[in-house]
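*Asks:* Okay, here's what each chain looks like letter by letter:
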Amino acid sequence: MVLTSSPFGGQSRTAALVALGLLEDSYPRELARVLARPLSGVQMALRGLERDGLVAGRLVGRTKLYRLNPRYFARDELKRYVVKLADADPALRARVEQLRRRPRRTGKPL
Amino acid sequence: MTLTSRSSLADVAAAVAGALRDAGIVAVLTGGACATIHSDGDYQSADLDFVVRSAATRKSLDAAMASIGFRRDGDRYLHPATSFFVEFPRGPLAIGDDLAITPVTVQLKRGPVLALSATDACRDRLAAFYHWADRQSLRVAVAIARRRRVHMAAIGRWSAKEGEEEKFREFKRELQRERQRVRDEAS
Chain A
0 MVLTSSPFGG
10 QSRTAALVAL
20 GLLEDSYPRE
30 LARVLARPLS
40 GVQMALRGLE
50 RDGLVAGRLV
60 GRTKLYRLNP
70 RYFARDELKR
80 YVVKLADADP
90 ALRARVEQLR
100 RRPRRTGKPL
Chain B
0 MTLTSRSSLA
10 DVAAAVAGAL
20 RDAGIVAVLT
30 GGACATIHSD
40 GDYQSADLDF
50 VVRSAATRKS
60 LDAAMASIGF
70 RRDGDRYLHP
80 ATSFFVEFPR
90 GPLAIGDDLA
100 ITPVTVQLKR
110 GPVLALSATD
120 ACRDRLAAFY
130 HWADRQSLRV
140 AVAIARRRRV
150 HMAAIGRWSA
160 KEGEEEKFRE
170 FKRELQRERQ
180 RVRDEAS
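Protein chains in written order, with numbering that gives the first Met the number 0: chain A, 0 to 109; chain B, 0 to 186.
Everything labelled a hint here was simulated from the structure, so no lab data went into it. For every residue, glycine included, the Cβ atom is placed at its ideal position computed from N, Cα and C. Possibly wrong hints are sitting among the right ones.
As the list claims (entries may be wrong) - The calculated lysine-lysine pairs, modelled on BS3-like cross-linking and capped at a C-alpha distance of 30 angstroms, are:
#1 B:K171 x B:K160
#2 A:K107 x B:K108
#3 B:K166 x A:K78
#4 A:K78 x B:K160
#5 B:K160 x A:K83
#6 A:K78 x B:K171
#7 A:K107 x A:K83
#8 B:K108 x A:K63
#9 A:K63 x A:K83
#10 B:K171 x A:K83
#11 B:K58 x A:K107
#12 B:K108 x A:K83
#13 B:K166 x A:K63
#14 A:K107 x A:K63
Said to hold, decoys possible - The following label-pair restraints were derived from C-beta to C-beta distances:
#15 A:L64 x B:P111: 43 to 49 angstroms
#16 B:S82 x A:A87: 21 to 27 angstroms
#17 A:E76 x B:T101: 53 to 59 angstroms
#18 B:R182 x A:V82: 18 to 24 angstroms
What the hints assert, rightly or not - So these bits of chain B aren't anywhere near chain A, every CB distance computed over 12 angstroms:
#19 L2
#20 G17
#21 A55
#22 T56
#23 R57
#24 A65
#25 G68
#26 R75
#27 P88
#28 L98
#29 A99
#30 T104
#31 R134
#32 R156
#33 R178
Based on the sequences and whatever the hints tell you, model everything.
*Replies:* Okay, structure coming up:
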């Protein structure tokens, strides 16, 4: 994690927002892996961001999927800003680019 | 052509294409294997998907594939000497909503292969970025566009039809950035 500043409070909050900006939606365990941060810290950051209205979480089965809050009044500006922040963190970008998110037919080996 | 453990994906593609051609089967290489070929190996697919565009039975496919040493296991064709496997997913050939795909003949070292054009391989990867936020696919689309001549205007029009103008702009920014990075490394 090379983020040079944390304009959204703690580094975990900023990092989680940046990762959500790139991934569009994600769950705490995936975010913790991508950010190389402890799960508990990521969960706490997400709860705080949710309280502030910056992210929104919804349950899918037993997993809570988070995304930048589409109802946040400055959602588009926020998205552009956090994606720009990602430019300052090539290591994070590289980890995000390792993730395969497109579907693969059941039974087809990876 | 004999396939060995050292055969590249392109070698396997050419061998399979040749065997299918000899059997009178028209099939188009699609998906990740096209991305591997058009990105000059920047992305490595483990399998080759051919969409059959002529009448072909399971038996005729089995025979064509057996002629170069592939044996069917379920829906997958495996070869004892290479880890690359081959599948024939059901068509139609489509990228997003676009069914009007015109394949091209790509000349590989070991023979011609009917495949997605660089532009369509790029769109195919962008579709995964657009619909699944798959940034690995964005990176591969950028790698293809940097190495091959792609029809950016056509990609832009298709992106607009898919309602993804913003992500298309992101793709163009990433491509510019990558070109700059390569220039910087060279100087």
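*Asks:* When the hints from earlier in the document are held up against this structure, which numbers fail?
*Replies:* Numbers 7, 8, 12, 16, 17, 26, 27, 31, in rising order.
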